[in-house]
Structure formats: C-alpha cells, structure tokens
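So the sequence shown is numbered by full-length UniProt numbering: it starts at 1 and just counts up by one.
A couple of the hints might just be wrong.
[Claimed, not checked] Below, in silico cross-link-like pairs of lysine-lysine (DSS-like), each with a Cα-Cα straight-line distance of 30 Å or less:
hint, residue 1, residue 2
1, Lys520, Lys473
2, Lys520, Lys610
3, Lys624, Lys520
4, Lys610, Lys477
5, Lys683, Lys699
6, Lys624, Lys691
7, Lys610, Lys691
8, Lys624, Lys699
9, Lys143, Lys624
10, Lys512, Lys683
11, Lys215, Lys167
12, Lys473, Lys215
[Claimed, not checked] Pair ranges (Cβ atoms, derived):
hint, residue 1, residue 2, range
13, Thr677, Leu147, 45 to 53 Å
14, Arg634, Arg676, 41 to 49 Å
15, Gln371, Pro668, 17 to 25 Å
If you are wondering where the hints come from, they were derived from the structure by calculation, not from laboratory data. Note that CB positions come from ideal geometry on N, CA and C, so glycine has one too.
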Amino acid sequence: MAVRATVSRFPATLEALESCAVQWGVAVTPFAAADERGQPPTTGAGGDRVPRCEHCWAYFSSHCDLERWGWSCALCGTLNGFDDDTARRFQRPDACPELNSSFVDLEIPVDEAEGGGDGVQSRPVYVAAVDLACSEEFLELIKSALLASLEALIPGSLFGLMTYSHKIGLYDVQGPIPVVKNVFIPPDLEEDGLPVALEDAMPLLAFLAPVDTCKDRIAAALETLRPTSSWERGAASGQEEDTVLLGGRGFGTAMSALIDYLSSEYGSTFALARVFAFLSGAPDYGAGLLDTRRYGEQYASKGVDADLALLPEQIPFYRDLAAVAVQAGVCIDIFAVTDEYTDLASLKFLSIESGGSLFLYANTDDSTLPQDIYRLLSRPYAFGCVLRLRTSSDFEPGNSYGHFFPDPQYENVQHIICCDSFATYAYDFDFVHNDGFSRHTDPAVIQIAFQYSVIEPVEETSGNESQSSASYKFCLKRRLRLRTLQYRPARNISEIYDSVDPEVVLHILVHKVILESLDKGVREGRQQVHAWLALLAARYNEALSSDARAPPLSIDVDFSQCPQLQMLPQLVFALLRSPLLRLHEEGVHPDYRIYLQCLFSALEPSSLAKAIYPVLISYSSPDKQAFPRHTLSRAALIMSESPIFLLDAFTNLIVYYSPTADPSIAFPPPRDCLLRTTIDRLKQDRCITPKLTFIHGGKDDSTLFESYLIEEQDVDGSGFTTGSGFVAFRESVRNVAAEIIQEEIGS
Numbered sequence: 001m002a003v004r005a006t007v008s009r010f011p012a013t014l015e016a017l018e019s020c021a022v023q024w025g026v027a028v029t030p031f032a033a034a035d036e037r038g039q040p041p042t043t044g045a046g047g048d049r050v051p052r053c054e055h056c057w058a059y060f061s062s063h064c065d066l067e068r069w070g071w072s073c074a075l076c077g078t079l080n081g082f083d084d085d086t087a088r089r090f091q092r093p094d095a096c097p098e099l100n101s102s103f104v105d106l107e108i109p110v111d112e113a114e115g116g117g118d119g120v121q122s123r124p125v126y127v128a129a130v131d132l133a134c135s136e137e138f139l140e141l142i143k144s145a146l147l148a149s150l151e152a153l154i155p156g157s158l159f160g161l162m163t164y165s166h167k168i169g170l171y172d173v174q175g176p177i178p179v180v181k182n183v184f185i186p187p188d189l190e191e192d193g194l195p196v197a198l199e200d201a202m203p204l205l206a207f208l209a210p211v212d213t214c215k216d217r218i219a220a221a222l223e224t225l226r227p228t229s230s231w232e233r234g235a236a237s238g239q240e241e242d243t244v245l246l247g248g249r250g251f252g253t254a255m256s257a258l259i260d261y262l263s264s265e266y267g268s269t270f271a272l273a274r275v276f277a278f279l280s281g282a283p284d285y286g287a288g289l290l291d292t293r294r295y296g297e298q299y300a301s302k303g304v305d306a307d308l309a310l311l312p313e314q315i316p317f318y319r320d321l322a323a324v325a326v327q328a329g330v331c332i333d334i335f336a337v338t339d340e341y342t343d344l345a346s347l348k349f350l351s352i353e354s355g356g357s358l359f360l361y362a363n364t365d366d367s368t369l370p371q372d373i374y375r376l377l378s379r380p381y382a383f384g385c386v387l388r389l390r391t392s393s394d395f396e397p398g399n400s401y402g403h404f405f406p407d408p409q410y411e412n413v414q415h416i417i418c419c420d421s422f423a424t425y426a427y428d429f430d431f432v433h434n435d436g437f438s439r440h441t442d443p444a445v446i447q448i449a450f451q452y453s454v455i456e457p458v459e460e461t462s463g464n465e466s467q468s469s470a471s472y473k474f475c476l477k478r479r480l481r482l483r484t485l486q487y488r489p490a491r492n493i494s495e496i497y498d499s500v501d502p503e504v505v506l507h508i509l510v511h512k513v514i515l516e517s518l519d520k521g522v523r524e525g526r527q528q529v530h531a532w533l534a535l536l537a538a539r540y541n542e543a544l545s546s547d548a549r550a551p552p553l554s555i556d557v558d559f560s561q562c563p564q565l566q567m568l569p570q571l572v573f574a575l576l577r578s579p580l581l582r583l584h585e586e587g588v589h590p591d592y593r594i595y596l597q598c599l600f601s602a603l604e605p606s607s608l609a610k611a612i613y614p615v616l617i618s619y620s621s622p623d624k625q626a627f628p629r630h631t632l633s634r635a636a637l638i639m640s641e642s643p644i645f646l647l648d649a650f651t652n653l654i655v656y657y658s659p660t661a662d663p664s665i666a667f668p669p670p671r672d673c674l675l676r677t678t679i680d681r682l683k684q685d686r687c688i689t690p691k692l693t694f695i696h697g698g699k700d701d702s703t704l705f706e707s708y709l710i711e712e713q714d715v716d717g718s719g720f721t722t723g724s725g726f727v728a729f730r731e732s733v734r735n736v737a738a739e740i741i742q743e744e745i746g747s
C-alpha cells in the first residue's frame with residue numbers, strides 16, 4: 001500500500017490552508033506490494049483479532065500508546081481496555097505484527113460456508129465476448145490477443161468463448177471438436193430478452209472449459225471465427241436485400257444475457273468472473289443501442305458546447321447493467337478497437353463500475369492489445385474490496401476520487417469490485433473546525449484499512465506428476481491491510497511549500513478537473529486549472545512579501561525560492577495542452593477524451609505526471625546517459641548537443657536520433673545496450689504496454705516526437721495565450737496573479 005500526500009507537513013489552521021492555496025490530500029494505491037519507499041508490509045494471521053477503538057473504531061497500530069491494562073487510540077486519544085484475548089496475545093509481541101509495525105497485512109479466517117477455506121473449489125473464471133460485426137483485421141487481432149491470454153492463465157482456470165452480432169454464439173470446446181450454439185437477438189427493443197435463455201442453449205459448465213486440458217481446442221475454436229456478412233445480418237433483422245444495413249452489433253443484449261448466464265454459478269464455481277468484451281464499433285442493434293449521430297451535429301453553428309454535449313452518457317442502460325454485474329460477481333473489461341465514434345461516454349460505466357478497465361485502440365496495425373491483455377492477466381488482483389480512510393479528530397476526508405462506489409450506509413467507506421497493484425484512489429481533506437489542529441505539536445494521523453479477497457492455488461502433495469483439471473484446487477483468502485501514518489503540522493507557510501509533492505498535487509488536480517469537465521464542460525475545467533495556478537502564484541508571492549500592504553515589485557511565477565513548486569507551472573501548462581483538456585474544435589475525439597479520463601483517474605501520481613508532462617532523457621551513446629531530464633522544447637535539444645533522446649510519455653516511448661548524430665552510432669540501438677535495458681524496465685513497470693517508436697531525425701518523419709515538444713506551442717482555444725507557448729502562458733498567469741493580489745490589497 002503506497003500512500004503519498006500532497007504535503008508532508010500539514011497546514012496547522014484553516015487560515016494556513018487557505019493562505020497556501022495548495023491541494024491538501026493523499027493518493028492511495030492500496031494493493032501495491034510495498035509502500036512508497038519500497039518496504040513490504042509485515043504479514044501474519046489474526047486480522048479479525050486486531051483491537052479496535054471503542055470511540056472511533058480505528059484499529060490498533062504501533063503508533064498507539066500502550067498502558068498496562070489498555071491502549072490509547074492514535075487517532076482520537078480514547079483509552080481502551082484490553083480484553084482477555086488481546087492481553088494474552090500482546091504478551092507475545094513477536095506473534096502480533098500490529099505491535100511492531102504501522103504497515104501490516106493480516107489474514108482473516110473465512111468460513112467454508114462463505115466460499116473460503118482450502119477445500120472450496122472457487123476457480124478463476126474468464127470469458128471472452130467477441131464482436132463478429134467487424135472486419136477481418138479486427139478479428140485477427142482479437143485471435144492473437146486471446147491466444148496470448150491463454151498463456152497467461154494459471155492451470156485450473158475456466159475459460160468461455162462467446163461471440164455476438166445479431167446473434168449470440170456459445171462455444172463448447174470440451175468435446176473432440178468445437179461446437180457452437182447460436183441464440184438470435186431480437187431486433188425489436190420492445191421484446192423482453194432472448195427467445196431462448198443461454199443456460200437452455202448450453203449448460204454453463206459445458207461453456208466454461210478448463211484451460212489446462214482444452215487450450216488446443218480453444219485455439220482451434222478461435223480459428224473458426226469469421227465476421228458475419230452484411231447479408232446475414234440484414235436477413236436476420238428482416239431488412240430487404242436492397243436496403244442499407246442498419247445495425248448488427250447487439251452488444252447490450254449480449255452482455256445482459258451473459259451476466260445472467262454466469263450469475264447461476266456465482267459463489268460456488270467462482271468468486272469473481274472476468275469478462276473481456278471486444279468491440280469494433282458502437283452497439284447498434286437490440287437493447288443498449290446507441291445513436292452515434294450526435295457526433296456529427298454542428299454544435300458550433302447552434303452555439304452549443306460540443307464537449308459538454310458529447311461527454312454525458314446517452315442512456316443509463318450500461319450504468320444499470322454494471323450494477324447487475326456487480327451483484328452477479330462479474331467484472332467487465334472493454335477493449336474497443338475503432339477510429340469511429342463509439343460513444344464510450346455511455347459504455348465506460350459497464351467497465352469502470354463493474355471493477356474493470358477501458359482500453360481504446362485507434363487501429364489494428366500497431367495495436368498493443370495482445371500485450372495489454374497478457375499483462376492484465378499476469379498481474380495479481382484483489383476483489384470484493386472495502387477501503388476505509390480514518391483521520392485524527394481535527395480533520396476529516398472531504399471528497400474521494402477513483403473507480404469505486406461509496407457504501408450506502410457508512411461514510412468514507414468505498415467498495416472496489418476488482419483492484420490490481422496499479423489502481424490508485426485519492427482523497428482531499430477538510431478541517432472539522434476553523435481553528436485547525438487543536439495542538440500544533442501533536443502529529444496528524446491517517447489510518448487506511450483495506451479489506452480484500454484473493455484466489456490462491458492450493459498446493460497438492462500427491463506424488464502424481466501430471467494433474468487432471470479436477471485436481472487443481474483454489475482457495476478464497478480474505479485479508480486486512482492496515483497502514484497508519486503521522487504528519488507533523490507546519491509552523492509556517494514556507495514549511496508547507498517546502499514539503500509539497502508536485503506529482504500528488506497534479507494527481508488530485510486532474511481528478512477535480514475531470515469532474516468539472518463532466519459537469520460543466522472542458523472550457524470550465526480549463527479555466528479552473530488556470531485560475532488555481534494563478535491563485536497559488538499570488539499566495540506564494542504574498543508569503544514572500546515583507547509588507548503585506550504593498551504589492552510585490554515583481555510577481556515570481558517560477559517559484560524561484562521553492563524547488564518543490566517549480567515544476568507546477570510546466571505540469572499545468574502540459575495539462576492544458578493535453579487531449580484531456582483540449583477543445584473539440586481542435587480535433588480531439590470525444591471517445592479518446594473519455595478513454596484518457598478513465599486511464600488518468602486510475603494512475604498513480606508518478607505515472608500520471610509522465611502521461612501529462614513526458615520525461616525527456618538524453619544519451620551521449622546507447623550505453624551512456626548524458627542528462628536525466630530536459631524541458632520539452634526544441635531549444636533544450638539544441639543546447640544539449642546529445643545525439644540520442646528517449647522520451648517517456650507513459651503510453652508512448654520514443655527513441656529519437658538527432659539529424660546531426662554520428663552515422664557510426666547504431667540505429668536502432670542494439671539489444672544489449674543501456675538504452676534498451678532502460679526501455680525494457682520502463683515497459684515492465686506500468687499497467688499498459690507503451691508503444692515503442694524509433695525515429696531518426698532527418699530521415700524519418702519526426703512529427704510524433706515533435707508533437708511532445710510542447711513548450712513552444714500555444715495553449716490554443718483557452719483565451720489565455722495567443723503568443724509563444726509556455727512563455728506567454730507564464731505571462732498570463734503572472735497577470736492574473738497580480739490582479740488577485742491587487743484586489744486583496746484593495747479590499
């Protein structure tokens with residue numbers, strides 16, 4: 001569990017919080033294998049026996065003060081007595097991880113009646129739902145992705161193959177040859193469901209095949225997949241031969257039927273079923289049909305904000321379906337491979353609200369889909385998670401951000417359907433009262449409790465070398481992960497500024513601006529970000545000023561006296577230049593914006609910072625790094641005089657050779673050099689597969705690389721700069737900051 005705060009020295013009062021203008025909160029990556037310093041948790045049993053405070057229900061931790069007969073809560077100060085069991089346990093400190101560490105991961109006993117215990121056959125279940133209203137190229141990509149995914153699945157997993165178009169196809173691969181049963185999707189939206197239930201067409205346990213014994217037959221079934229013809233789809237929907245085909249992709253009906261199909265074995269065969277839904281376009285047939293004509297509307301001529309019109313969902317069908325999926329123990333990942341408008345604004349809820357992820361690929365030629373699905377299956381995940389953040393009594397969580405849903409009964413409790421080691425969530429804080437911290441000498445305390453389940457294989461002790469599918473066993477484990485942290489209140493604003501973590505500030509800022517964009521439009525989001533940076537610059541300059549009644553002689557927007565703040569203007573400028581906040585008329589596709597919103601709101605702070613403001617590293621040779629970081633400008637390239645640059649934009653890795661590079665330097669760089677080793681490490685350390693591109697300046701098209709050199713580009717469409725990129729942007733921030741200072745002096 002990694003936890004990073006926007007400031008490591010908390011503001012002591014409400015006045016200090018408002019005077020510093022820094023976001024106050026934390027980013028939490030609960031299922032990370034280690035903390036932010038790389039230290040793993042102390043593990044053990046007895047998660048159900050950790051003492052709880054009688055007043056605030058916080059858990060005991062090593063930060064609590066021990067008395068002879070009890071303990072004082074580190075959060076609220078309440079004195080709690082020991083019960084007999086705790087008194088006995090604490091006499092053996094080595095057996096009580098919570099006594100010795102503030103970061104523990106403890107197993108909780110689970111009843112076999114609840115699906116736990118070593119003897120329960122709760123197996124990992126995966127289903128691929130493949131769109132056949134597609135092109136040959138799309139289908140070839142999906143086949144290669146699924147063949148890759150089969151290699152990542154652990155033996156004993158169950159796998160089902162389903163196709164959909166104007167009909168649903170269920171594959172039984174457990175016999176000598178694959179058998180497919182088709183159920184037609186009614187075109188009439190008024191009809192209630194399918195003419196035949198999927199369970200009646202094929203029993204679920206015939207559909208779900210053990211991977212270890214059926215891998216070859218699953219691969220053979222994949223090879224039989226063919227796109228449905230337009231004639232076939234037209235005939236099925238009752239259209240005349242000479243009419244233009246309307247519809248054929250019954251995604252909504254297929255997903256609804258699949259969730260209902262799987263639900264019968266939830267809690268017995270599986271504890272969580274993961275569905276990989278592959279889409280080549282918008283659902284245009286049956287239930288959940290989406291009207292894509294709204295993308296072609298002439299919003300500008302109507303005086304309508306296109307971004308505000310295209311960001312909301314059209315219909316609540318997929319949001320409602322996600323709630324049904326959660327109740328059925330089904331998590332859905334959507335992989336959309338299309339450059340056409342697909343209305344991800346409506347579809348996204350089916351993935352993110354069921355615990356899954358949303359992936360978008362513009363074409364099949366250089367798609368990283370096979371690598372992404374392999375990574376998704378190779379990394380561990382937790383499910384059925386509950387996340388609770390508690391604070392000491394003088395402050396409290398304000399807003400929470402991320403792909404979770406709040407508990408309907410308890411405050412500050414979030415439920416997460418499925419969570420991997422990269423998934424990150426954020427909270428900001430508010431003071432309970434205007435006085436802030438009642439005792440500035442006492443540390444502020446945060447405690448994060450994360451309860452989760454995992455499926456683990458049970459080690460077999462039989463002497464048989466080869467195991468049949470039936471002999472693979474899995475058990476459901478429930479764990480409690482606890483992290484308690486202390487933060488000292490700052491004595492003055494300078495201490496706050498010196499303790500800022502700019503990546504976490506950006507992390508919370510991005511969450512806020514995404515919500516603002518969805519609510520009021522991208523223009524409002526842009527203005528919010530610019531206004532915040534100007535306010536921060538004004539507050540910083542007021543803090544530096546010796547005379548609060550006189551304006552500073554010059555406004556410092558570079559934060560020259562505070563290294564921790566110096567990256568923020570570039571991060572905000574890059575955020576305004578990113579497709580997340582560029583305007584519709586600048587050519588940003590609404591589906592791509594939605595994809596970025598979903599991706600960025602799940603990234604941990606360092607990854608998000610790279611995605612917003614890429615890291616540019618120079619190399620004097622493939623085996624020698626020259627400088628670890630340059631600004632994103634052509635001037636930086638010229639001044640460095642290095643022949644090779646590596647640009648890491650999180651989703652893209654670009655190796656760029658300068659036009660003046662010595663011809664004797666190997667291009668592309670050899671496999672065994674430092675540069676390649678760095679690239680391999682970067683590719684391994686992230687949740688998606690970055691696209692790797694090699695560009696030789698002067699010989700290849702350098703447009704992609706140059707598009708990331710943003711500091712000479714204008715922040716178009718914002719109304720703030722019309723001049724020379726970052727320089728003009730700084731000037732606009734300076735002007736607004738000066739106005740804020742002048743207004744406050746005047747008042």
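Hint-by-hint comparison with the structure:
no., hint, result
1, Lys520 / Lys473, "51 Å, violated"
2, Lys520 / Lys610, "27 Å, holds"
3, Lys624 / Lys520, "48 Å, violated"
4, Lys610 / Lys477, "35 Å, violated"
5, Lys683 / Lys699, "26 Å, holds"
6, Lys624 / Lys691, "23 Å, holds"
7, Lys610 / Lys691, "14 Å, holds"
8, Lys624 / Lys699, "24 Å, holds"
9, Lys143 / Lys624, "40 Å, violated"
10, Lys512 / Lys683, "29 Å, holds"
11, Lys215 / Lys167, "25 Å, holds"
12, Lys473 / Lys215, "18 Å, holds"
13, Thr677 / Leu147: 45 to 53 Å, "28 Å, violated"
14, Arg634 / Arg676: 41 to 49 Å, "26 Å, violated"
15, Gln371 / Pro668: 17 to 25 Å, "19 Å, holds"
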